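Engineer: Can you make the complete structure from the sequences, with help from the hints?
Number of protein chains: 4
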Amino acid sequence: MSSVYAQANDMVMLISQDGKRFYIRLRPGHRLHTHQGIVEHDQLIGQSLGRQIISSTGHTYVIVEPSLDELMKEVKRKTQIVYPKEAGRIILKLNIYPGRRVIEAGSGSGVLTLALARFVTPGGRVYSYEARLDILQNAQANLEEVGLAEAVEFKQRNISEGFDETGVDAVFLDVREPWRYLAQAKAALKGSGFLGAIVPTANQVSQLLIALKTYDFGGVEVEENFIRDYKPVPDRLRPKDVMVGHTGYLIFARSVAPNAFPEPRPRRRVGVVEAPEEDL
Amino acid sequence: MSSVYAQANDMVMLISQDGKRFYIRLRPGHRLHTHQGIVEHDQLIGQSLGRQIISSTGHTYVIVEPSLDELMKEVKRKTQIVYPKEAGRIILKLNIYPGRRVIEAGSGSGVLTLALARFVTPGGRVYSYEARLDILQNAQANLEEVGLAEAVEFKQRNISEGFDETGVDAVFLDVREPWRYLAQAKAALKGSGFLGAIVPTANQVSQLLIALKTYDFGGVEVEENFIRDYKPVPDRLRPKDVMVGHTGYLIFARSVAPNAFPEPRPRRRVGVVEAPEEDL
Amino acid sequence: MSSVYAQANDMVMLISQDGKRFYIRLRPGHRLHTHQGIVEHDQLIGQSLGRQIISSTGHTYVIVEPSLDELMKEVKRKTQIVYPKEAGRIILKLNIYPGRRVIEAGSGSGVLTLALARFVTPGGRVYSYEARLDILQNAQANLEEVGLAEAVEFKQRNISEGFDETGVDAVFLDVREPWRYLAQAKAALKGSGFLGAIVPTANQVSQLLIALKTYDFGGVEVEENFIRDYKPVPDRLRPKDVMVGHTGYLIFARSVAPNAFPEPRPRRRVGVVEAPEEDL
Amino acid sequence: MSSVYAQANDMVMLISQDGKRFYIRLRPGHRLHTHQGIVEHDQLIGQSLGRQIISSTGHTYVIVEPSLDELMKEVKRKTQIVYPKEAGRIILKLNIYPGRRVIEAGSGSGVLTLALARFVTPGGRVYSYEARLDILQNAQANLEEVGLAEAVEFKQRNISEGFDETGVDAVFLDVREPWRYLAQAKAALKGSGFLGAIVPTANQVSQLLIALKTYDFGGVEVEENFIRDYKPVPDRLRPKDVMVGHTGYLIFARSVAPNAFPEPRPRRRVGVVEAPEEDL
Chain A
2 MSSVYAQAND
12 MVMLISQDGK
22 RFYIRLRPGH
32 RLHTHQGIVE
42 HDQLIGQSLG
52 RQIISSTGHT
62 YVIVEPSLDE
72 LMKEVKRKTQ
82 IVYPKEAGRI
92 ILKLNIYPGR
102 RVIEAGSGSG
112 VLTLALARFV
122 TPGGRVYSYE
132 ARLDILQNAQ
142 ANLEEVGLAE
152 AVEFKQRNIS
162 EGFDETGVDA
172 VFLDVREPWR
182 YLAQAKAALK
192 GSGFLGAIVP
202 TANQVSQLLI
212 ALKTYDFGGV
222 EVEENFIRDY
232 KPVPDRLRPK
242 DVMVGHTGYL
252 IFARSVAPNA
262 FPEPRPRRRV
272 GVVEAPEEDL
Chain B
2 MSSVYAQAND
12 MVMLISQDGK
22 RFYIRLRPGH
32 RLHTHQGIVE
42 HDQLIGQSLG
52 RQIISSTGHT
62 YVIVEPSLDE
72 LMKEVKRKTQ
82 IVYPKEAGRI
92 ILKLNIYPGR
102 RVIEAGSGSG
112 VLTLALARFV
122 TPGGRVYSYE
132 ARLDILQNAQ
142 ANLEEVGLAE
152 AVEFKQRNIS
162 EGFDETGVDA
172 VFLDVREPWR
182 YLAQAKAALK
192 GSGFLGAIVP
202 TANQVSQLLI
212 ALKTYDFGGV
222 EVEENFIRDY
232 KPVPDRLRPK
242 DVMVGHTGYL
252 IFARSVAPNA
262 FPEPRPRRRV
272 GVVEAPEEDL
Chain C
2 MSSVYAQAND
12 MVMLISQDGK
22 RFYIRLRPGH
32 RLHTHQGIVE
42 HDQLIGQSLG
52 RQIISSTGHT
62 YVIVEPSLDE
72 LMKEVKRKTQ
82 IVYPKEAGRI
92 ILKLNIYPGR
102 RVIEAGSGSG
112 VLTLALARFV
122 TPGGRVYSYE
132 ARLDILQNAQ
142 ANLEEVGLAE
152 AVEFKQRNIS
162 EGFDETGVDA
172 VFLDVREPWR
182 YLAQAKAALK
192 GSGFLGAIVP
202 TANQVSQLLI
212 ALKTYDFGGV
222 EVEENFIRDY
232 KPVPDRLRPK
242 DVMVGHTGYL
252 IFARSVAPNA
262 FPEPRPRRRV
272 GVVEAPEEDL
Chain D
2 MSSVYAQAND
12 MVMLISQDGK
22 RFYIRLRPGH
32 RLHTHQGIVE
42 HDQLIGQSLG
52 RQIISSTGHT
62 YVIVEPSLDE
72 LMKEVKRKTQ
82 IVYPKEAGRI
92 ILKLNIYPGR
102 RVIEAGSGSG
112 VLTLALARFV
122 TPGGRVYSYE
132 ARLDILQNAQ
142 ANLEEVGLAE
152 AVEFKQRNIS
162 EGFDETGVDA
172 VFLDVREPWR
182 YLAQAKAALK
192 GSGFLGAIVP
202 TANQVSQLLI
212 ALKTYDFGGV
222 EVEENFIRDY
232 KPVPDRLRPK
242 DVMVGHTGYL
252 IFARSVAPNA
262 FPEPRPRRRV
272 GVVEAPEEDL
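Chains as they are written, first to last, in this note's numbering: chain A, 2 to 281; chain B, 2 to 281; chain C, 2 to 281; chain D, 2 to 281.
Everything labelled a hint here was simulated from the structure, so no lab data went into it.
Be aware that one or more of the hints could be misleading.
Which copy is meant is left open, because identical chains are indistinguishable; a pair holds if it fits in one copy or across any two.
[Claimed, not checked] In the SDA-like style, the derived pairs of lysine to any residue whose C-alpha atoms are separated by at most 20 Å in a straight line are:
1) Lys241 - Phe227
2) Lys156 - Gln37
3) Lys241 - Asp230
4) Lys156 - Ser49
5) Lys232 - Met244
6) Lys232 - Asn204
7) Lys156 - Glu224
8) Lys74 - Lys214
9) Lys74 - Gln138
10) Lys214 - Arg177
11) Lys241 - Arg229
Keep in mind it's a predicted model, so treat the numbers as computed, not measured.
Structural biologist: Structure, rendered in structure tokens:
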């Protein structure tokens with residue numbers, strides 16, 4: 002949707018004056034029932050984005066285009082880990098862009114699938130593997146809801162059996178034991194292809210790091226991501242009282258030939274760990 | 002570059018065994034001079050990615066495809082704020098994807114321009130405004146170097162004079178006083194279009210928040226982003242000793258009709274700020 | 002309490018098998034009614050710490066000595082900001098130790114008063130000023146409950162009228178507008194005495210910084226404190242899902258002669274803000 | 002030093018106008034040679050704290066009392082981990098106060114010893130064990146320099162041989178393999194006594210957690226501590242560019258009878274990890 006008017010088949014977001022959000026795909030003849038009256042889809046189609054409309058009971062709604070970030074937070078979830086905050090980071094680190102071919106396993110709620118699908122389009126493809134049928138179907142429904150299902154092939158599969166694709170640009174593993182599937186990932190990846198994974202515990206990071214070395218992945222990086230939200234009040238600017246303290250550790254690596262990557266340099270620490278120089 | 006072989010005109014990265022990185026665009030007949038001998042571009046063209054090649058002095062290099070994240074860290078910088086870590090976040094929050102039209106001001110070193118250009122392609126466009134010619138030229142050279150300049154129109158302009166475009170999907174302001182240019186941003190944005198900004202100080206956040214209200218921007222969010230890197234050693238897993246403590250505050254908002262967005266709910270705190278419930 | 006046996010008048014903590022905590026002061030003849038039966042104080046007096054006792058209904062409790070940290074989390078609160086996590090930091094930065102004389106305003110719930118009282122004892126004194134009588138009485142009751150009230154003089158006072166003491170070692174301001182009371186703080190402090198303050202918003206930090214310069218405070222520092230809790234599970238080690246994102250900004254300074262402290266060095270940044278060197 | 006005048010034998014800090022800091026113990030007849038002339042100790046003795054004095058070359062110094070925090074940052078270091086930022090936290094969690102008896106192993110540079118010694122005085126005692134003589138002597142010299150050595154007994158010992166003391170209130174382990182010494186710690190601790198440890202890696206945390214269960218320690222907590230410094234400029238308030246990203250993980254526990262502490266409640270997560278409720 003790049004028009005300034007809402008159009009049939011667009012995904013739009015309605016926000017009530019008491020802050021409730023409704024995500025709908027516009028379909029002629031349909032209607033949205035809210036806690037503050039009915040809104041006809043036909044009333045919205047052709048409407049200028051960013052403007053207000055009035056429900057059957059006289060309540061005001063603003064109609065806006067939802068961002069990918071908002072859609073990711075909105076999907077129906079059947080699984081635990083949720084990481085819209087990591088999605089942008091994953092896109093950059095796995096070098097995702099239009100035309101790329103990428104495997105993810107498992108599908109989860111389709112949160113990351115959404116982001117992958119949006120950014121490989123046009124011309125690229127997401128292969129989303131999931132062992133459990135109910136989870137796969139939920140993810141697929143979420144992708145269809147926001148109109149990004151065309152770029153994705155969902156496959157019900159225990160990935161220990163391997164992936165169907167070869168020469169893919171990137172593989173992302175969001176599974177409990179990613180270290181079990183590195184041979185399969187390696188077989189699917191092109192040379193210098195990108196591997197990513199997310200795991201919730203430090204123990205899993207260690208196990209994955211060992212396996213990455215065994216399977217000749219290089220350029221390994223481990224990181225955490227934090228977002229700290231502020232209350233947007235100009236004369237009382239302050240962070241919110243609570244924040245997300247943890248979702249998972251992100252691990253990134255490249256598929257390369259044996260011993261191709263330089264070993265991390267040996268520890269050279271001689272003295273003490275100094276606090277960083279003060280900057281002024 | 003989605004091939005498994007390095008091809009003429011591809012951007013590739015060579016990594017030496019002592020960890021030095023060279024970013025080059027492959028051109029038949031060219032050669033790369035390194036601290037460990039000469040590498041002929043013709044030697045690389047047709048080479049499998051992820052494999053090793055040997056320099057004129059017998060040193061080993063691995064040849065890989067650079068990620069956007071790596072390219073962003075590598076650009077020649079003429080300006081201060083550097084935020085590859087925020088780029089993925091900005092892409093998601095401004096709802097950037099192929100086909101979108103987006104304005105940024107100023108161009109800076111072109112780091113964010115790189116990311117915007119990659120993700121609006123194909124079909125979209127980045128309009129990058131910059132007052133200083135030398136900075137603009139440096140950014141343009143950086144974009145050309147990595148082959149993403151076609152999606153970008155650079156314009157030397159003091160943006161107080163306004164933008165040429167209207168109905169754009171998003172505007173990102175990376176300028177010292179973003180609150181001075183909200184009328185211009187509003188004029189350029191489509192209804193419900195996305196505004197983003199980055200500023201280094203809390204005082205600037207407050208000033209921008211006041212102006213956003215004056216110019217009827219809604220859905221305002223303020224956040225900080227942190228990345229915490231770990232040493233990827235499986236049996237001694239630990240965060241690195243120092244981390245980036247601050248680059249800037251990110252501010253996001255939408256262009257809407259007057260009073261369209263609900264006011265933030267009033268403070269309802271009655272008692273004390275409790276620590277969050279322990280999760281188990 | 003430094004004995005290995007619980008003694009009359011000791012503060013002890015009982016923990017039930019379902020994780021409920023009871024803080025009690027042992028008094029002969031008294032009894033504690035719990036959700037799992039009655040515990041006689043006489044049953045506890047003389048008991049070895051760290052051991053289990055049985056309630057009237059056959060439920061098990063462990064009896065331990067509570068730490069200052071635990072007591073601070075437990076006090077009855079009538080006010081908003083809660084900062085046991087900052088208390089240790091404040092003790093160190095204000096140079097609190099036995100024999101010191103320190104002013105705090107206001108008393109709040111007595112959380113910081115607890116820590117100050119414990120560490121100035123023996124020989125020192127805490128002067129705790131509070132405008133509202135009900136808050137003062139609650140704080141005083143909290144101090145009495147844990148047996149630290151003797152070191153504290155509570156004073157109901159609007160501190161714009163000044164403090165009674167002079168030559169004190171430290172002043173801590175936990176009030177909404179600390180910048181209004183710097184003349185009073187300066188009059189109370191000895192030369193080179195320590196000033197501390199906590200405020201929730203960035204705007205307040207700025208206002209306080211301006212006033213600190215006006216009143217010739219030097220060595221000014223501003224900081225935030227974070228504690229990130231982990232789930233203590235050895236084979237699934239991970240941070241807790243949520244964390245406290247903000248309590249307040251801490252500001253510290255010294256009372257000195259006019260212009261005695263060196264000005265912060267001017268900004269010397271010439272190039273770009275680089276990420277810190279990787280440490281190995 | 003609680004006087005408003007600097008006195009013989011006091012520890013004072015001189016700060017030059019270009020920000021250099023000198024920590025000296027005042028001794029009649031002594032002199033301090035600086036990059037900006039000579040300062041006679043006799044010139045300082047009797048001087049008001051917080052005031053300026055003039056060196057032999059006409060340069061200005063302000064004379065102030067150093068805080069414990071400043072002294073901890075200043076000690077001569079022979080070992081790696083440095084944690085003044087954790088010291089206040091450790092004091093609170095180990096329930097240190099005047100009269101307490103506490104064991105630490107190893108002595109390290111004496112940074113934590115400083116804090117322990119200050120807060121157990123008067124009446125308490127620190128037993129500081131260290132295997133290497135040169136490190137022990139450096140720590141002891143550091144304690145003597147700041148006048149806190151009287152409260153400390155240094156012992157050169159491989160702690161696998163056990164500690165001499167029993168019934169101590171707290172034990173702090175800053176050694177590479179703290180899990181090897183829990184029997185020794187348990188033998189030294191009183192019932193419900195406090196155990197603390199600091200380790201740099203996640204793997205060590207896991208190993209220690211396993212051993213703590215074996216040796217019947219209860220109430221186990223794991224945490225990290227962060228301090229984020231701001232540039233104290235009122236109209237350009239912002240965090241510093243770099244921060245300390247890691248020193249170590251802190252682990253705390255209590256010595257109790259077998260199975261006395263309740264097991265952590267089982268995981269009850271049913272649905273998804275939601276972001277915390279927004280607070281307003």
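Engineer: Now look at each hint and say whether the structure bears it out.
Structural biologist: A quick look at each hint next to the structure:
Taking identical chains as interchangeable, the C-alpha atoms of Lys241 and Phe227 lie at most 20 Å apart whether they share a chain (13 Å) or sit on different chains (13 Å). Proximity of Lys156 to Gln37 under the C-alpha cut-off of 20 Å is found in neither arrangement, the shortest distances being 41 Å within a copy and 47 Å between copies. For a Cα distance limit of 20 Å, the shortest separation of Lys241 from Asp230 qualifies both inside one copy, at 6 Å, and across copies, at 18 Å. In this homomeric assembly, Lys156 and Ser49 never come within 20 Å of each other (Cα to Cα): the closest approach is 39 Å inside a single copy and 29 Å across copies.
In this assembly of identical chains, Lys232 and Met244 lie within 20 Å of each other by CA distance both inside one copy and across copies; the values are 12 Å within and 17 Å between. For the identical chains of this complex, Lys232 and Asn204 are inter-copy neighbours only, at 13 Å across copies versus 35 Å inside a copy, given an alpha-carbon limit of 20 Å. For the homomeric pair Lys156 and Glu224, neither the shortest alpha-carbon distance inside one copy (29 Å) nor that between copies (37 Å) is at most 20 Å. Proximity of Lys74 and Lys214 under a CA criterion of 20 Å is satisfied in neither setting, with 35 Å inside one chain copy and 25 Å between copies.
With identical chains, the CA atoms of Lys74 and Gln138 are at most 20 Å apart within one copy only, with a shortest distance of 18 Å there and 39 Å across copies. Within a single copy, Lys214 and Arg177 get their C-alpha atoms as close as 19 Å, which meets the 20 Å cut-off; across copies the closest is 26 Å, which misses it. With identical chains, the CA atoms of Lys241 and Arg229 are at most 20 Å apart both within one copy (8 Å) and between copies (16 Å).
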